[in-house]
Amino acid sequence: MIAYIWLGSNLDDPYQQLDRAIQRIQTEDRIKVLRLSSRIETEPYGYIDQPPFVNQVMEIKTDLNCRSLLHLLQEIEDRMGRTREIHWGPRIIDLDILLADDLTIDEPDLQIPHPELPSRFFVLQLLNELIPDHVHQLWEQSIAELYQTFESTGGEPEFSTPKGED
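60 is the number of the first residue of the sequence shown in the numbering used here; add one for each residue after it.
By construction, these hints were calculated from the structure, which means they are not laboratory data.
Small disclaimer: the values here were computed from a predicted structure and weren't measured.
Possibly wrong hints are sitting among the right ones.
[What the hints assert, rightly or not] Estimated spans, in silico, between C-beta atoms of each pair: (1) D137 x P110: 19 to 25 Å; (2) P167 x P111: 27 to 33 Å; (3) D71 x Q200: 35 to 41 Å; (4) R138 x T163: 17 to 23 Å; (5) E175 x V92: 21 to 27 Å; (6) K120 x E199: 25 to 31 Å.
[As the list claims (entries may be wrong)] With a straight-line cut-off of 20 Å between C-alpha atoms, the simulated EDC-like cross-links for lysine to aspartate or glutamate are: (7) K120 x D161; (8) K120 x D78; (9) K120 x D160; (10) K120 x D71; (11) K91 x E118.
All C-beta atoms in this analysis are idealised placements derived from N, C-alpha and C, irrespective of residue type, glycine included.
Based on the provided sequences and hints, a complete structural model is requested.
Written as structure tokens, this is what we have:
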């Protein structure tokens, strides 16, 4: 299975936290990291009294099923010190499955594609770097078209310029 994982952090040197998460994922025998997007900084969403987030998307190949992959990612979050006290609150690391092949899963604790994917400009921006032509069966548009539509309709981008590109 090819899956796309969103990585986000806004605590304790977020760039270093993403590096740590990538290293931990790379050490898993049943996961091969194929590609990484660039990183972008975004303002917090929901609970806004917190530092900006650093975001990245990872393309992986795995023989794990989605449920097992979710548990593995949650274990990595826990080992890295993730706490879940405030919804949309600050976090040392957040690892979410965005897409997995062309699967659709709708369970209380596992939704694929990620339900917020089409409405998050920065996620579309990062996925557009990796799979611009991908069309999931739930959408009639490619990632590039979703991204361009969001950008051209005046949707308020939830991101700032990437670090060093001001």
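(message) If you test the structure against every hint from before, which numbers come out violated?
(response) 4 and 10
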